[in-house]
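Asks: Sequences and hints are given; from them, build the entire structure.
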Amino acid sequence: MHDSSIVIETKNLTKRFKDVLAVDSLSMKVRKGEIYGFLGPNGAGKSTTIKMIMGLFHPTSGQAFINGKPVNGGAVELRRGVGFLPERISFYDNLTPIQTLNFFCELRGADKSVVPSLIKDVGLEDAANRKVGTFSKGMTQLLGIAQAMIGSPSIYVLDEPTGGLDARWVKAVREKLSALNEQGATIIFSSHILSEVQALCKRVAIIDHGRLVAEDTIENISGGLHIRPRLWIQSPSLNEKTIALIRQIEGVEDVAAKGDAVVITCDASVRLRVMNAMQDRGLVIKDFRTVEPTLEEAFVKLLSEEGGA
Amino acid sequence: MSPNPRSIYIVAKKEFADNVRNKWIVALVAIFLTLTIASSYMAGRGRVGDMELTVGVLISISSMLVPIIGIMLGYATISGEVESGALSVVLACPIRRGEVLLGKFLGLGSVMCFSILVGFGISGIVIGLTTGQAQWGSYMVFILLTMLLGLLYVSVSMCFSALLKRRVTSLVAGIVTFFWGMIIGMITMGLYMATGGSWTDMISGDTSSIPDWFWFEVFLSPQDGSGAAAMLAFGTTEILGFEFDVPWINLYSLVLAQTLWTVTPLVLAYRWFQKRDI
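Residue numbers (my numbering), protein chains in the order written: chain A, 17 to 325; chain B, 12 to 289.
Quick caveat, the hints were computed from the structure, so don't treat them as lab data. Ideal Cβ positions, reconstructed from N, Cα and C, are used throughout, including at glycine. A portion of the hints provided could be inaccurate.
Simulated pairs of lysine-lysine, DSS-like, Cα-Cα distance not exceeding 27 Å [stated by the list, open to error]: (1) Lys34/A - Lys176/B; (2) Lys147/A - Lys286/B; (3) Lys128/A - Lys24/B; (4) Lys24/B - Lys147/A; (5) Lys153/A - Lys176/B; (6) Lys128/A - Lys34/B; (7) Lys27/A - Lys286/B; (8) Lys286/B - Lys85/A; (9) Lys34/A - Lys286/B; (10) Lys192/A - Lys136/A.
Computed Cβ-Cβ distance ranges for the label pairs, DEER-style [said to hold, decoys possible]: (11) Pro258/B - Leu37/A: 55 to 65 Å; (12) Val37/B - Glu198/A: 44 to 54 Å; (13) Thr310/A - Asp288/B: 31 to 41 Å; (14) Trp35/B - Asn28/A: 43 to 53 Å; (15) Pro14/B - Asn145/A: 28 to 38 Å; (16) Lys128/A - Trp35/B: 21 to 31 Å.
Replies: In structure tokens:
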């Protein structure tokens, strides 16, 4: 029986190109309504996996499923509800954005009246009658995002959606993804930019050398790796002596000096006590903030463990 | 699992519209028109020649030009779009690969057939009206045979495009097939000479000593097969310039061979396209 809360699933998905094992027995599950981050360094097998999910690549073994149905079973209707943005997207050079989107509306069986608003959505209205062949990489990428939104799909499969975009559009795309998700869409997107994933996703999969290294919420991944939350404190009265004093405070696990600030590793529950103790010892606290574990740390730690294993 | 005609139509329409937009279709019509009129003047030695003579001259040029145009239209259809990445967006839509392939073939085939029909058609009318001696039926068969030859080469080049990784290699493979069609006649002639054929017989026109296998060449070369069929339509039985008299070479067997030459690559293209990673 298919669990209807699972939208995309891969079971032991494997792809071998001659002597390279690009994806190695990958099993993952994307749940309905979530934004799922698909992370890994360049060449980890992200795009190959995504292409197998979309039925563009044929798996060497294993299977990918969309809404419980196998992708390679020739079920074309399955793809009607899926918006797809490939890595390094390209369109037909001789068409304008309007002609391009009209063509894809026809292919998807969607109403063409949405085309102008889609073009406006991605800020291409000034280039609506230019040939796509004259577009910059970023503009083509934006058109690709507009294309993925045709027919308001309930699932989005996006390979590096912000690749090639400048900062302004990275933000716009991120907001768009959040908005689509709030409207109920399930989104899986790949990235090698961790901050981007951290800003958007609840759950992530991390892959390296084609293998799944972790699949969980960011908190759990970090927690499982014992990456501790930290406290950053700026103080004018820092010196070797005062740092040694801080180290003696109960609950402090580690102290690292960084310019006119210290980064203290301690449990969140003892933060206030640590700061009080510092003031009791005559240290002036000019500013402070908490430092949550980043995906970068988790990533580096996971990959180094993976490499060492 | 039956193919969706609407999806096929959408892809075919796009291919046709692309060739209208980039003016290819206009160029092709102009080429075919000029070529026929020029051939007619050549056949009529400075005046408009009649249809049979015109076709006689025209075949030698169109049997080279039409295959090349077919290759140009078809060679990039799959390998080119895989290389650029455009095909992955198309195939992520609710459309089957077979529908994309058939749509492209029909769209490009329409470009081919439309330009041949209009180009040869208009010039045919001009020739018919000027000379007053028109063999409309035979001329129409010639037009249909030329269309079939065009479709054949679109199919062959699409087949290579489905199999080969890069657009350049697909183009080269198409051209190699074209040359095969050009030289197989010479190879057959060489084989005949090597196996005791006589030049004097051939030059004198006594072709009775030529073995039957010699004529089989028309089934191996699409160009020669198409040409021989067109000559047959006008009542001339000639292959490589020699009279033949074998019962199994007739308009039906030649058209059947051309059809097989068209359908087989398309079936292979389908199988390779299905298996291909896009």
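Asks: For which of the previously enumerated hints does the structure constitute a violation, in increasing order of number?
Replies: Violated: hint 2 alone.
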